[in-house]
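Asker: Whenever a hint applies, use it, and build me the whole structure from the sequences.
So the protein sequences, as listed, match chains A and B.
Counting in my numbering, the first sequence runs from 1 upward without gaps.
Counting in my numbering, the second sequence runs from 1 upward without gaps.
Derived by calculation from the structure, the hints in this document are not laboratory data.
Treat the hints with caution; some may be incorrect.
To be verified - Within a straight-line C-alpha distance of at most 20 Å, the following computed SDA-like cross-link-like pairs (lysine to any residue) qualify: (1) A:Lys263 with B:Leu264; (2) B:Lys213 with B:Ser171; (3) A:Lys88 with B:Leu272; (4) A:Lys263 with B:Glu163; (5) B:Lys151 with B:Phe181; (6) A:Lys88 with B:Leu264; (7) A:Lys263 with B:Phe110; (8) B:Lys119 with A:Asp264; (9) A:Lys263 with B:Gln207; (10) B:Lys151 with B:Lys119; (11) B:Lys119 with A:Leu258; (12) B:Lys213 with A:Pro238; (13) A:Lys263 with B:Ala120; (14) A:Lys263 with B:Phe114; (15) A:Lys263 with B:Arg162; (16) A:Lys160 with A:Ala148; (17) B:Lys213 with A:Ser259; (18) A:Lys88 with B:Asn164; (19) A:Lys263 with B:Lys119; (20) A:Lys263 with B:Asn113; (21) B:Lys148 with B:Trp136; (22) B:Lys148 with B:Phe132; (23) A:Lys88 with B:Phe110; (24) B:Lys213 with A:Asp264; (25) B:Lys119 with A:Ser260; (26) A:Lys88 with A:Thr219; (27) A:Lys88 with B:Arg162; (28) A:Lys88 with B:Glu163.
Said to hold, decoys possible - Computed far set for chain A versus chain B, every beta-carbon distance over 12 Å: (29) Arg83; (30) Pro121; (31) Leu149; (32) Val152; (33) Lys165; (34) Ala175; (35) Ser261.
The C-beta atom is built at its ideal place from N, Cα and C for all residues, glycine as well.
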Amino acid sequence: MIWQQLLNGLTLGSTYALIALGYTMVYGIIQLINFAHGEIYMVGAFVGLFLVIETGANIGVALLGAMAFCMVLGMLVEIIAYRPLRGKSSRLSAIISAIGVSIFLSTLMVLIAQTNTRRYPEVINIVTYEIGPVHVSSLQIIILLVAALLMVGLQIMVQKTRVGKAMRACSQDLAASYLMGINVNRIISFTFAIGSALAAAGGVMVGIYYNAVWPYMGTMAGLKAFAAAVLGGIGSIPGAMIGGITLGILEILGVAYLSSSYKDAIAFGILILVLIIRPQGLLGKEISKKV
Amino acid sequence: MDALLMQYFDPYYLRILMLIGINVILALGLNLITGVTGQLSMGHAGFMSLGAYTSAILSMQVGCPFYLSLLAGALVAGLFGFIIGIPTLRLEGDYLAMVTIGFAEIIRVFFLNFEPGGKAVGLSGIPQNTSFVLVWGIVIIILILNTKLLKSRTGRALYAIRENEIAAESSGINTTLLKVFAFTAGSFLAGLGGGLYAHYMYFIRPQDFGFMKSIELLNMVVLGGMGSIPGTFIGAVILTLLPEMLRVVAEYRLLFYGALLVILMIFRPNGLLGDVRVYDIKRKLQRKKVGAWPSSSN
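Answerer: Below is the structure:
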């Protein structure tokens, strides 16, 4: 029983982690809580659905298509709504701008797709394997594999490539990176593109896993993923992964052993407790204040 | 008095004016926390729902007189603000934002499962005791008290915390005490606004006080101009009127609302009246007079 719950939690948590990565990367570079990120995830789920229904694409094509679409969308959002604000306004104005984008995107999707919940048609035939006491569906395996692949890929990109090095430089000091000849605007665009693509992948997989896609799915998922990013220590990429998985597992365990009607409260309650004990999050660095 | 007003004014306009008044009270509370003291709170609607539910339950099920239940609602919200204010001593910026979001969500889920509060269906049949005069009377009192507070030594200490906490602390300001004070006072006002809202709307549900409501209130503070009382007032007026005016575009309403938020932030990044304080305007006017004097004497 407990192993089954852990597996379900891991599956849910890995999708939280995919969304949380976008929050944490953007935050790491420009200290913006990108509230439109949950909506990007929602748009990703819809694009995947559209591809599957209209073109009969398989899960791989739907996933890649949604990721490509959201890459462009994420970059557009950054150029239109955040770039004009950068450098000349408080961080709060940028947050309000992000909220504006979030309201805009979810309303746009309501106008396009109506408020009712859509279902994914059967994209893969689900086979359930029994491994010891645990039932693993082929869908769960796919989700875990894709999530792991994306996260390892991201980690390699950030740590080993030139762009990744530029991203790390920007997250340490934007102004100094600019002086060193890094095209800061391009790096920020790139960060938004990568984060949005990961969120889109999360959206498609959650859509298939829970068999439900609706225009307001981004709000709660966005909040939970932000909670995961903060739990892991915002700005830290491994932190977002660990935070996402921890939150997913704790949430599933909470539902299984405590109460399902308090599902959303459990995630946030744990978060508050962790932050009170460890204000910088699980993997966040303790920042000493400079005077 | 309200009956008299009803004779001369369209009830629709009166209703909007009432909602503007209630939103001004709520936004002024948040302004104290986020605008003035600089502690980003994204869960103001949670405190509002505490006030709304407490006062509604007291006046419906316990039979308390209206003013007493209103006060009790505000006090409960204030008490929770005090309790939440304590972790803010340790948390900063966006971690604090997350805690306030989380707290508001926990309250919402609590009321979704709270038997006396009618669970997800909500409470209906709350006596409609909130009157136009009461709301605007409270608005005026709060405006006066708020202006007085922000002009005082304490008010300037609060601004100092926002501008630079370390500098404020080294100037001998008890930042911990003042941050908790700002949180408590802001939540008290949220509870008061919530109580008035419940006794005006007749009917409350947990989803009325969700994340979007908190965001709406935050928008009022930021749009008007952080820390500015006239700014917050104007922000509350505009953002209450805007959805009503956008009714023309029917289902595209929220689309325009979202786009307008982005556009406003691009063109007025520090809010419409960013940091305009009443006494700054006064001083500016006085300065002009002084500047004009030598030329007139020549």
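Asker: Could you check the structure against the hints above and give me the numbers of any it violates, in ascending order?
Answerer: 1, 2, 4, 10, 12, 15, 17, 22, 23, 26, 29 and 35
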